[in-house]
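Here the protein sequences come in this chain order: A and B.
In terms of numbering that gives the first Met the number 0, the first sequence is residues 0 to 319.
In terms of numbering that gives the first Met the number 0, the second sequence is residues 0 to 371.
Heads up, some of the hints might be wrong.
Here are some of the chain A residues that sit facing chain B, going by a computed Cβ distance under 7 angstroms [to be verified]:
1) 94
2) 101
3) 104
4) 108
5) 118
6) 235
7) 239
8) 284
9) 287
10) 295
None of these hints come from the bench; they were simulated from the model.
None of these values were measured; they are calculated from a predicted model.
Built from N, CA and C at the ideal position, the CB exists for glycine as well.
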Amino acid sequence: MGADTMSTIASIITQTLVYSTPLVFTALGGTFSERGGVVNVGLEGIMVMGAFSSVVFNLTFASTFGVWTPWLALLVGGFVGMLLSVLHAVATINLRADHIISGTVINMLAPALAIFLVKVLYGKGQTDQVVETFGYWKVPGLSKIPFIGPLLFEKTSAPAFVAILFAIIAWFVIYKTRFGLRLRSVGENPQAADTLGINVYGMKYAGVLISGFLGGIGGAVFAQTISGRFAITTISGQGFISMAAMIFGKWNPLGAMGAALFFGFAQNLSIVGDSLPIISSIPKVYLESAPYALTIIVLVLFFGRSKGPKAIGKTYIKSK
Amino acid sequence: MFRFKFSKMNGILVPILSVVMGFILGAIIMMIFGYNPILGYKAMLDTAFQSPKSIGEIFVTAGPLIFTALGFSVASAAGFFNIGLPGQALAGWIASVWVGLAIGESVPKPIALTIVIVVGVLAGALAAAIPGILRAYNETSEVIVTIMMNYILLYVSTHLVNNVIPEQFISTKGTTKMVGANASLRTEFLSSISGGSRLNLGIFFALICLVLVWFLMKKTTLGYEITSVGLNPLASKYAGMNSNRIIVLSMVISGALAGMGGVVYGLGTFGNFFIQSSSLSIGFDGMAVSLLGGGTSIGILLSALLFSILKLGGQGMPLRAGVPTELVDVIIASIIFFVGISYLIKFILKKIEDKNKEKKVTQVSKVEGGKS
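Okay, chain A solo, but in the shape it has when bound (with noise of 0.2 angstroms):
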């Protein structure tokens, strides 16, 4: 193989994980939040706070902490989308809102008032590039690993590798403790979960908080990797696909992330495609839809009938 062929391919492998990594964490919260039974389809308005939230954030800190800027931006990113959910929480949760109607409310708000925000704070419609990007690493170690190390480790991105580690960690989480166990439960039969002394809207709570950290996230990675700026444009559709991927991983985070992944590969292929051969030749169109279509496909082909967890949408009202 020559080595302009390896570079290529290495390159087409970062690429992918940087489109993939802000799906990855947005996936992860729908997970939480669609197993406790509550649907966020304001995930994409989640996300836009978050990449807001986290470049104001940047552009403000980008001297006092360094290199350090983006990794705390993402905290500030997951915690502004946390605040956001605990609308949808509230309405969904106590106040007994249809699901999808208050989701909608959040992808019609949060647009609105980050660029509402961004006026009152710079003056113009959008912020300026952020300095302090996440960049690309070194894999200490690992890169040095021949034919592997060059392609998988050698120029990539750090919070893909965050974001495979939560995939794993939420997994654990959902299947293997006492809180996931609980949080699934409440998911299935809220009543039954009730019964046996749950905390059934303590859990919901802890889902749509979870969706909403890691939506969050997820907005602040996509501004501080590939927008670098915040502009009324920056999210478009990235919380959908996300919503797409947690569906096409049937609600298990792994697979969630395995979604993710494959979604961020034809984002990408779709961004590059013109430089790369064969793929140039397919019209674009084919390729930036190929991520929904596939998407509807799936589901007719394999679920039908089957949908996620079986209180889904469902306000749950405890009866005295």
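Fit chain B to the known structure of chain A by using the hints.
Just chain B, lined up with the frame of chain A:
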């Protein structure tokens, strides 16, 4: 003495209170960021009602919104959440403009208009039929399918403008030429009575459709069947209705209305098509209009006008009061949020009512006690 019952008026009180709370929240946000809310709202109203032209534009904006809102309400009546309105409206928009460009100069106006409308409506109906059929025969979530369809249609429309529509119809990259006068919904007369606004036939078609949809839902068997499937699909099946057929039909009607929204948007508001970077706002705004209007015809009309005033008036806020336009969308979103949590509003109204009743009871018992 309080005679009327609050809870009997929920249908009117919930939207009104939601609007009021939305405006209050908007005022609070303005105050937090150091703007004067009175100036802000004054700027909004002054801009919306500054001239016959701006009033004409209110109806221009309301037309497509009424269609997408009607589309949303028909699907909702059958129990479906049609988030695909932006894509369906987009399909109607591009299809009608494309055909309008082809026939706008050569075919007489009545025939040309009929053709472009039929094409746009069919395009919207087709875009909605896919999720409808998948839902009916495969039980695939219409929410997910319509969201995905929105993006597919968005990219397809860009592809069509950039690569498929004949060169002679394109003005600059990503933008088509204006359709000929015969395929346009605008007329000299409407423009002249409204101070040169883009006022067009769209709003009149919208009014007709408000009545038609009301008639369909309340006075026809199909409307009854749609509503009963929405209320209880299983019971409707036992009662002998073909629920699959009704599911598909309700989505098709919903998409046809959204498609018509796209026609009005394209041939009335703009007169051409230009590529979009994100989902059409008339889709999501139409959803909001329908939710605020409670799905009724009169409610949709009023809330579409309110939204148009907000949207147009909001454009004057930066210049006249320094408040960013986006505040309007924050207000709209929060109004819908309050409609969404109407349980809370109803709960509070009920509490007030019960308190009044209690007062009355204690007063009555006091009087009676005095008598004995």
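What hint numbers does the structure not satisfy?
-> none
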